[in-house]
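**Student:** Quick note: the sequence shown uses full-length UniProt numbering, first residue 1, plus one each step.
Note that these hints are calculated values from the structure, not bench results. In this text, a Cβ means the ideal position worked out from N, Cα and C, and glycines have one as well. Please note that the accuracy of each hint is not assured.
Unchecked claim - List of simulated lysine-lysine pairs, DSBU-like, C-alpha gap at most 30 angstroms:
hint, residue 1, residue 2
1, Lys149, Lys269
2, Lys112, Lys171
3, Lys42, Lys171
4, Lys209, Lys236
5, Lys50, Lys30
Claimed, not checked - FRET-style restraints, in silico, Cβ to Cβ:
hint, residue 1, residue 2, range
6, Ser244, Ile129, 22 to 28 angstroms
7, Ile129, His211, 35 to 41 angstroms
8, Arg32, Lys84, 35 to 41 angstroms
9, Leu260, Glu169, 18 to 24 angstroms
10, Asn88, Tyr179, 32 to 38 angstroms
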Amino acid sequence: MSSKDKVISILKEKGSVPQSELGKLSGLSKSRLSEVLSELEKEGVVKRRKVLGKNLEVSLSQDRFLRLGIIRAAEYPFIIPFIKNLENRGYNVTVKIYENGIDLTRDLVEGKLDLGLSPIITQMIFSTIYRNIRIIGGGAKGGGGIIGKTCNRIASTVMSSMEIWAFSEFKNIEIIPSYSSYQMLDFLEKGIADGIAIWEPFLSILERKGHKVHRFTPLHCCTLAVSDTMDWERIKNIYEESFSWFKSSMDRWISGYSNLLNIDYNILKEASKNYEFDYYLDLNEFKNALKNSGIFIPI
Numbered sequence: 001m002s003s004k005d006k007v008i009s010i011l012k013e014k015g016s017v018p019q020s021e022l023g024k025l026s027g028l029s030k031s032r033l034s035e036v037l038s039e040l041e042k043e044g045v046v047k048r049r050k051v052l053g054k055n056l057e058v059s060l061s062q063d064r065f066l067r068l069g070i071i072r073a074a075e076y077p078f079i080i081p082f083i084k085n086l087e088n089r090g091y092n093v094t095v096k097i098y099e100n101g102i103d104l105t106r107d108l109v110e111g112k113l114d115l116g117l118s119p120i121i122t123q124m125i126f127s128t129i130y131r132n133i134r135i136i137g138g139g140a141k142g143g144g145g146i147i148g149k150t151c152n153r154i155a156s157t158v159m160s161s162m163e164i165w166a167f168s169e170f171k172n173i174e175i176i177p178s179y180s181s182y183q184m185l186d187f188l189e190k191g192i193a194d195g196i197a198i199w200e201p202f203l204s205i206l207e208r209k210g211h212k213v214h215r216f217t218p219l220h221c222c223t224l225a226v227s228d229t230m231d232w233e234r235i236k237n238i239y240e241e242s243f244s245w246f247k248s249s250m251d252r253w254i255s256g257y258s259n260l261l262n263i264d265y266n267i268l269k270e271a272s273k274n275y276e277f278d279y280y281l282d283l284n285e286f287k288n289a290l291k292n293s294g295i296f297i298p299i
């Protein structure tokens, strides 16, 4: 791996990094690192900015490189045409797959991602606290439900659509916090939880195995948020255009998404039927739905 490729690889993984730390991570001498960064700056690949006096922070240029985060779910087959559309416009796109929305959205506000699809409730809370991300589009409605008993102890990912929907439909349940679909499945198998609030494709997989399924009312689950340092209007236009590609040939894009997640195409195709795909998002409508459930977020 060349020195340039080594630096780019580190920045893709770490996000913004102090130049001094980048030297340690890359193993390059100060002089060689300075040469490499100067070359990458001229090529428009990286940007450096001063922080705390003379200290320099290095990051990949968002005009060339984008890091997209998604959760391991059947919910995002539309990212395949979105990525293709971005690449056609000269972007290099890296996808990182997460097991829950908190970790993804935290990385987004910390600059380790440039854009991400995670639960709208998670994004609203983080954007209210940090004020450095912008929610710019919808994604899919529905795709969530409860496997097992719809009462008593329900396992759910924390600060998620599943948790909100479970509380909305079953007022007196106890939520057992979990941080991945696999942890919830383990809780159900071991009897730690009476039921689990989980998403596709796990709902369809478990339903095939004979589990009882209660599906939630279709509401927006995950939405697209971007760093406020990005040209969000341009990204939003590309995203909406890509949705037209997706809707015109869904099976084609689900196939590509199956390869990305390494999940069987037929399972994803079946699971996708339980979503309503729509890039349009009315945040006020969602806020009002939350208010009706006794939740207020001042975004």
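**Student:** So which of those numbered hints doesn't the model satisfy?
**Tutor:** 2, 3, 4, 6, 9
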